[in-house]
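Q: For reference, the chains in residue letters:
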Amino acid sequence: MKRFFFYSQLYGAYLANTVKSRMAYRADFWVGFTANLMIQLIGVLFITSLTARIPQIRGWGRHEILFIFGIAQAVFGLFNVLFTNLFELSGRYILEGGFDRVLLRPLGSYFQVVTERIDLEDLPGVLLGLLMAGYAAGKLHLDPTPGRVALVALALANGCAIYAAVFTALAGLTFWFRDRGSIASVVLMLEGFARYPATIFGKWLQSVLTWVVPFAFAAFYPSAWLLRKPGSGTMVVLAPLAALAAALVAAAVWRRGVRRYESAGS
Amino acid sequence: MPIIEAHSLSKHFKRFRRRPGLVGAVKDLWHRTYEVVRAVDGIDLSVERGEIIGYIGPNGAGKSTTIKMLTGILVPTAGSLAVQGLVPHKDRYRHVRTIGVVFGQRTQLWWDIAVIEAFNLLQKIYEIPRDEYRQRLKKFNQVLGLEDLLNIPVRKLSLGQRMRCDLAASLLHNPAILFLDEPTIGLDVAVKASIRDFIRETNRQQGTTVILTTHDLSDIEELCSRVIMIDAGKLIYDGGLRELKERVDIPRRLLVETIFPINASKMMLLLKDYRLGITALDPYRWELSFSKGRVNLPQLMQLLLDTLEVRDLELEEPAIEEIVRQIYDRGAPGDAR
Ligand SMILES: Nc1ncnc2c1ncn2[C@@H]1O[C@H](COP(=O)(O)OP(=O)(O)OP(=O)(O)O)[C@@H](O)[C@H]1O
Ligand SMILES: [Mg+2]
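Residue numbers (this note's numbering), protein chains in the order written: chain G, 48 to 313; chain U, 34 to 370.
No lab work stands behind these hints: they were computed from the structure. Mixed in with the good hints there might be a few duds.
[Stated by the list, open to error] Computed list of lysine-lysine pairs in PhoX-like fashion (alpha-carbon distance at most 20 Å, straight line):
| hint | chain 1 | residue 1 | chain 2 | residue 2 |
| --- | --- | --- | --- | --- |
| 1 | U | K171 | U | K157 |
| 2 | G | K49 | U | K157 |
| 3 | U | K171 | G | K67 |
Taking the hints into account, I'd like the entire structure generated from these sequences.
A: This is the structure we're talking about:
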C-alpha cells in the first residue's frame, strides 16, 4: 500500500513535468493536437459515411456499428495517451541503450518507461470516440444509467490494459530480436479491424482477434453486451480474463527480456 | 571487507557478422554467422572503501562494459560479483540506491525537463530527506557553479554544463560508490579542473569510493592512487600509479618551435649531452623525445631558451595507449598485484 502511494505520487510528479515541458512549446503542442484531431475526425467521417450507405452489415445496424467504433476509438486513444512510450521502447530504449538510465534508478523499469512520456495530444481521440458512442447510444435509446456508464469506464480500463499488454510483449521481443518494432506495426493493423463488430469478418480473423491478439475484448465484446446482443454474456465475462492473460504474458516477456538487455556500445 | 569484489568476471557479446555484398546479404537471411566478442574476459577486482581508482585502457578494452556490470545494467556472462555484499543485477533496487553513475557520453537526466525539475524528481525517487537535499543542492550549486543552469532544459546544456549537472545529480543521494565513465571527455581545462576538485573533495569529505575511467592521464595523476589497466578484456596492471610509472619507461616529447630556421648539425651539437631522439619536423620545428627521469627537463628547457630564439615550447604527455603498449612489450601482465 505504501509502495502504491509512493508510485502514484511519482506518477503525478512525472506527469506534471511532461505537462510543463510540453507547455514550454505551446505552439508545437497545439499543432500536434490539431493534427491528431484531424486524423480522428477523418476516421469518424469515414465510418459515418460508410454506415450511411450500408445501413446494415451482417445484422449490425448503423448506430450499433458507430457505438462500437466510438468505444474502440476511445479505448485506443486512452492507450495512446498513457502508454505512448511503448512505441519508443524498441529503438530509443533497447537498441540505442536508453534503458541504461532506467536500470540505474531504484524504480520499476516498466513504470519508468511508461511514465517518461504521456501523450496529451492523443486526447481528442478519446473525446471524439466517447462523443460518437454517446450519440449512437442516444439513437439506440440506451440511456446513460449509472450501471452502463460504469461498464463503459470498466471497458475503457480493461481495453487499455489489453492494448498495453500486447504492445509491451511485442516491444519486449526487441530484447531477443534486434528489430525496430516491425511486428508491432503488423499488429497495429489488427487494431483497425478491432473497431468493427468482429462477427462481420470471417471466422479466421474473428478467432485471431479473440484468442490470439485479444483486441476484440477491448471494445467489441463489452459493447455487444451493452447493445444486448444475444450470446454476448459469456464473452463479456471473459474480457477481464483476456486482459489478465495478456498481462501475464507481457510480464513474463518483460522479466526475461530485461535480463537479456545488452545495452549499446557507445 | 572490500566494497567491490569480482572473481573471473566476464561479459561476452554475440555479434552478428554480416557477409559482404548482395549475395552475402541474401545468405545472411538464411544462415547467420556470429562471432563472440569477449568484451570483459575473466577479471578479478577487489576495491576497498574510500579508494579512488583509475580504470584505464585503450578504446574497446572493456572499461564501459565492466562499469555496466558493476552498476547492474548488464548481467555478467560468467564469474562472480558482489558490490557491498549485493549482486548488482539481482538486487537492483537496493544496489542502485547506494551508487552514483555518470556516463560522459550520455546524460542520466531526463532530456526535456529543466535541471532543477530533474533534481526535484530525483529527490522524490531516492526519498532524500528535504533538509539534506536542500543543503546538498546548495553546496553543489556553489562548488560546481550550477546557479545559472538550473532552469535550462537538459537538452539545451553545453557538454561541460551537462557534465556538471550530471555529476551533481549522481551525488544527490550521497552514494557510497561513484562510477564515472569518462567524466572529463571533451571538456576544457577549467571545467576539467573544477570536476576533479569536486571529485577529490567528495572522496575526502564523504569517504565516497570512486571508480573512474578516462583517456586523460592527468585525471589519473591528479586523482588516483591506484590504477587498474585493462586491454582486450583482460587485466594487465593493478597497482599504484608511481609503481606503474617506474615500471614503464614513459616516453615524452618536447616540441620546440624557433623563430629562425636551424640546421640539423647545429641542433645535434647543441644537444649532444642529452639522451634524446631528435627529429626535425621542418627547419623551424623540432621534436625531442626522451624517457622521463633520464633527462633533466628544466635544465634542457633552460638551455634551449638561452641558446635558441624560441617561439614556443610544448610538452606532450604520453597517451594511455602508449603505456599499454609498453606494458605489453615488457610482458609480465600476470604480476598484477
Ligand atoms: N552492447 C554491445 N553489444 C555488442 N558488443 C559490444 C557492446 N558493448 C560493447 N561491445 C564491444 O565490447 C568491446 C568493449 O567495449 P567497451 O565499450 O566496454 O570498451 P571501452 O573500454 O569502454 O572503450 P572506449 O574507451 O572506446 O569507451 C568492444 O569491442 C565493443 O565493440
Ligand atoms: Mg567506454
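Q: Taking each numbered hint in turn, which are not upheld by the structure, reported in ascending numerical order?
A: Hint 3 alone not satisfied by this model.
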